[in-house]
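> From first to last, the protein sequence lines stand for chains A and B. Residues in the first sequence are numbered consecutively from 91, following our numbering. Residues in the second sequence are numbered consecutively from 91, following our numbering.
Simulated from the structure, these hints should not be mistaken for lab results. Since we're looking at a predicted model, the values are computed, not measured. Ideal Cβ placement from N, Cα and C applies to all residues, glycine included. Don't take every hint at face value.
[What the hints assert, rightly or not] Ranges of calculated distance between the beta carbons of each label pair, as one might list FRET restraints: (1) B/Ala144 <-> A/Glu312: 49 to 59 Å; (2) A/Ala114 <-> B/Gln155: 27 to 37 Å; (3) B/Arg272 <-> A/Thr132: 26 to 36 Å; (4) B/Pro208 <-> A/Asn107: 27 to 37 Å.
There are 2 protein chains.
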Amino acid sequence: MAIGGSHTMKSFDAELNKLKDMIARMSGLAEAQLIATLQAMTERDSDQAAQVVADDVKVDALERQASEQVMRLLALRTPLADDLRMAVTGLKLSGELERVADNAASCAKRVMVLNQLPSVAPVRAVTRMGWLAVELLKEVTDAYLSHDAERAMVVWRRDQELDDLYSSLFRELLTYMLEDPRNITACTHLMFLAKNIERIGDHATNIAEMTYFLVTGHPISEQRPKRDVSSSTVPNSDET
Amino acid sequence: MAIGGSHTMKSFDAELNKLKDMIARMSGLAEAQLIATLQAMTERDSDQAAQVVADDVKVDALERQASEQVMRLLALRTPLADDLRMAVTGLKLSGELERVADNAASCAKRVMVLNQLPSVAPVRAVTRMGWLAVELLKEVTDAYLSHDAERAMVVWRRDQELDDLYSSLFRELLTYMLEDPRNITACTHLMFLAKNIERIGDHATNIAEMTYFLVTGHPISEQRPKRDVSSSTVPNSDET
């Protein structure tokens, strides 16, 4: 029998719902930050990019609130196994979302630099990557909020698409730099920008794993998809 | 009065100590992974780098154990405020250490590529950055394990050194690439390698903040030092 009467139970459930609401708000904000960054990139709008950088503190504040909420929850009473898993997952998940927003802000900083340089063609491919990341993020949040393990698995598998896009883009950018050294600065910033988007996919994958564990009580047993292979790319090995 | 007798209290303390031991082991392993990577970089030893990549699963396994240990702790009884903070900090801290090891493994992958290419001079500067990161990591772990807020503050402030090294290195690498396109591939991988080391400094800073909060009960009030400014570097803006 749990300690505390039904009154404590009810207030615990209410606090647990508050945590879920906070996470929903956080994921909405992280997603909005990424979308604003992609628009700023397409429209070469540095004011909008600067706004994303400035707004990152809002996500940080939400993460702190979520963390405090988890502490409040855990201090209420010894939670039952499922509730405990909800609370601890909430804590980890808000950390992932904070890092998603961090990655978006890093992208926004690079957009501000890119806007000072002549436009380079691979920007379009990077933006495409970005929209795929938005989709994965949206899907995995819905999976978490609706407690849907199957939907989480779909995101988990689809992260490979993002990794593939990133790997081919990395190669393309290197070639671009080799062809014309005037592209070096822009392409370097684009590489980091793309890497940040690829990282957002990793966070979505982590959230998918957490959701799966939360719903089913056991970790995903499938083999984890291969991650990006760009770190071992040597496109010009013949030339060096 | 806390729920549960002194027997429960004792077992709680024992479990809390187990968590601390796990974190000590994790930080030792993460540090060893980074050191092995730096040695592999200096000695161009791809076998050692491959070993670091392979050993990353060990840190992941320790993180899972730490996470389970926290769950076990929280299920024991409603913890008192200080114990609760210890448990939740342990969870977050093990996540940071897992990411430190992740960064080290990413570096090791790049080292394996660099070893296939002619050596470039900036490798030495990147290794210097790496040793500073090792120092910060060691210091902040000691601060956490010895419950020393002042020592944590020292690490927190010193991360700026790492950011400065990184920013000047980023500029140097761009110049290197512009001077001779044959350096492009190696310098690109070095940039990502340096970025990973800079990230390790960020994790050390996060651990410093957690330690400070754990010991004092309130967050660091000082202004956070400026982070790396490389994302806004345009060294060749005159040339493009």
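> If a hint holds in the structure, say so; if it does not, say that too.
How the hints compare with the structure:
For B/Ala144 paired with A/Glu312, a C-beta distance near 21 Å fails the hint of 49 to 59 Å. About 31 Å separates the C-beta atoms of A/Ala114 and B/Gln155, a value consistent with the hinted range of 27 to 37 Å. Range check, B/Arg272 to A/Thr132: about 34 Å between beta-carbon atoms, so the 26 to 36 Å window is met. Between B/Pro208 and A/Asn107 the CB atoms are about 60 Å apart, so this pair departs from the stated range of 27 to 37 Å.
Of the hints listed earlier, those the structure fails to meet are numbers 1 and 4, in rising order.
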